[in-house]
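Q: Sequence:
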Amino acid sequence: MKLSELKQSGHWPTLLSAFLYFDISFMAWVSLGPLMAYIAREMNIPIEQKLTLVAIPVLSGAILRIPLGILADTIGSKLTGALGQSIVAAACAAVWLFGLRNPTDVAFFGAVLGLGGASFAVALPQASRWYPPRLQGVVMGIAGAGNMGVVLDTLFAPSIAEHFGWRGVYAALLVPMLAILAFYIFVVKDAPGSIKRIPLAKYGELLLDPDSRWFMFFYFVTFGGFVGLASALPLYFVSQFHATPVAAGLMVSMIVFFGSTFRPVGGAIADRIGGVKSLSAMFMVVAACYFAVAMLPVGPAPATGGWPLLALPPIAWLAVLLFSMGALCLGMGNGAVFQLLPQRFRNEVGVMTGLVGFAGGLGGFFLAKALATSKGVTGGFMAGFLFFAVLALLGVAGLTFVKRRWRTTWGAVSGARI
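Residue numbers (my numbering): 1 to 418.
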């Protein structure tokens, strides 16, 4: 596949716009994760409640994906995307100007940030509808790679908060947010025939299809794992290895970089060798990484404060390595899922993106909440990571169960590798 094919086969300005829209929306969506240490310091919030609060935007994003997808099908992706970006920008501006007074305010703000996560149901079908089946893996991978916004969050947000306060992060975020909104409005185009009202009954009809539920489960594990880790890991590294918030943010930025940048690679690999084969291998690696992370002991505490990046104990860097391997496979798994999805549900890609995106966001909430519950009940994170390791193995079992039927039915009709 050559890049010239993308330019000749579809509408590359819309693909670029969808990527940027998803990128900046993702930055806003997961912004509470790297900032929670600073916000909680003002409000004296315990670790379990911190993890719950960073999970709220993830849950909200999951819930809002279906109505936002319906709205995009009804009035068009362009108008829906512009409205969603405007609301999130207004919320960030309000927090910059007026701050947050208590955990209830944080929870409400997190619920509004969920609109950023719901952008998934707009941006991905907006790009997908312009391209043929043979390019779906790489196209959906490029559009979905907007989740690299979390890399920028974790890389820069703690440092900005150290110098200008955590509210200053939202002032800085507004600059690219408004610039991308203007670019999006100017260049993006809805694909011909993409605006059509889809009844709610269609969602119920698709939910009755066992294939839709399998796709939802696979994305629950892959995207849920990625966004759940992006939200919870800054607090995990502070609690488990006594890192400073800045050091924790830098470590998480290294980890999520692999998950976000390798999403298109996962789609391209799936285009070449088949989504089922590639996704099965990725699930196996993810399960192994989760199991290994669950067994890591608590790191030594410094005499005062937290460990800066270059003084972190070796056990913390081992965790970074394991999480990076897992995040890389989760990111490629996201691309593999969306290489398969448009082949099976070509005429319902908008509805299915909403359903599968909902499941992915729900998976992110459950991962963060599982870690919070594990920490609160057992005093450690082992149980939470073991739970998701088992889910990854169930993903392998599920793919083994469906692969023959998929390859001999809709896979044979699509003409692409599955």
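One thing to keep in mind: the hints can contain errors.
What the hints assert, rightly or not - The calculated lysine to any residue pairs, modelled on SDA-like cross-linking and capped at a C-alpha distance of 25 Å, are:
1. Lys403 x Phe257
2. Lys277 x Phe257
3. Lys189 x Val396
4. Lys403 x Val265
5. Lys277 x Lys202
6. Lys403 x Pro132
7. Lys277 x Leu174
8. Lys202 x Pro67
9. Lys189 x His11
10. Lys277 x Thr409
11. Lys277 x Lys189
12. Lys189 x Leu322
13. Lys403 x Lys189
14. Lys403 x Leu322
15. Lys277 x Leu322
16. Lys189 x Phe387
17. Lys277 x Phe98
Don't read these hints as lab results, they were simulated from the structure.
None of these values were measured; they are calculated from a predicted model.
Q: State for each hint whether it applies.
A: To see whether the hints hold, each was checked on the structure:
1. At roughly 30 Å between alpha-carbon atoms, Lys403 and Phe257 are farther apart than 25 Å, so this suggested pair is violated.
2. Restraint check for Lys277 and Phe257: satisfied, since their Cα atoms lie roughly 24 Å apart, inside the 25 Å limit.
3. Taken as a hint, the Lys189 and Val396 pair is broken in the structure, with Cα atoms around 38 Å apart against an allowance of 25 Å.
4. A threshold of 25 Å between alpha carbons decides the hint, and for Lys403 with Val265 the separation of about 22 Å falls inside it, so the pair holds.
5. For the hint linking Lys277 to Lys202, the alpha-carbon distance of about 30 Å lies beyond 25 Å, and the restraint is violated.
6. Restraint check: the Cα-Cα separation between Lys403 and Pro132 comes to about 23 Å, which is no more than 25 Å; the hinted pair holds.
7. Of the supplied pair hints, the one linking Lys277 and Leu174 is violated, its CA atoms being roughly 41 Å apart against a limit of 25 Å.
8. For the given pair, Lys202 sits about 13 Å from Pro67 by alpha-carbon distance, which is consistent with the 25 Å threshold.
9. Taken as a hint, the Lys189 and His11 pair is honoured in the structure, with Cα atoms around 8 Å apart against an allowance of 25 Å.
10. Straight-line distance between C-alpha atoms of Lys277 and Thr409 comes to about 17 Å, which keeps the hinted pair within the 25 Å bound.
11. Between Lys277 and Lys189 the alpha-carbon distance is near 34 Å, which puts this suggested pair outside the 25 Å criterion.
12. For the hint pairing Lys189 with Leu322, the CA-to-CA distance comes to about 41 Å; that exceeds 25 Å, so the pair is violated.
13. For the hint pairing Lys403 with Lys189, the CA-to-CA distance comes to about 36 Å; that exceeds 25 Å, so the pair is violated.
14. Between the alpha carbons of Lys403 and Leu322 the distance comes to roughly 29 Å, so the proposed pair goes past 25 Å and is violated.
15. Proximity of Lys277 to Leu322 is assessed by CA-CA distance (about 22 Å); at most 25 Å being required, the pair is judged to hold.
16. For the given pair, Lys189 sits about 42 Å from Phe387 by alpha-carbon distance, which is inconsistent with the 25 Å threshold.
17. A threshold of 25 Å between alpha carbons decides the hint, and for Lys277 with Phe98 the separation of about 51 Å lies outside it, so the pair is violated.
Checked against the numbered hints listed earlier, the structure breaks hints 1, 3, 5, 7, 11, 12, 13, 14, 16, 17; every other hint is satisfied.
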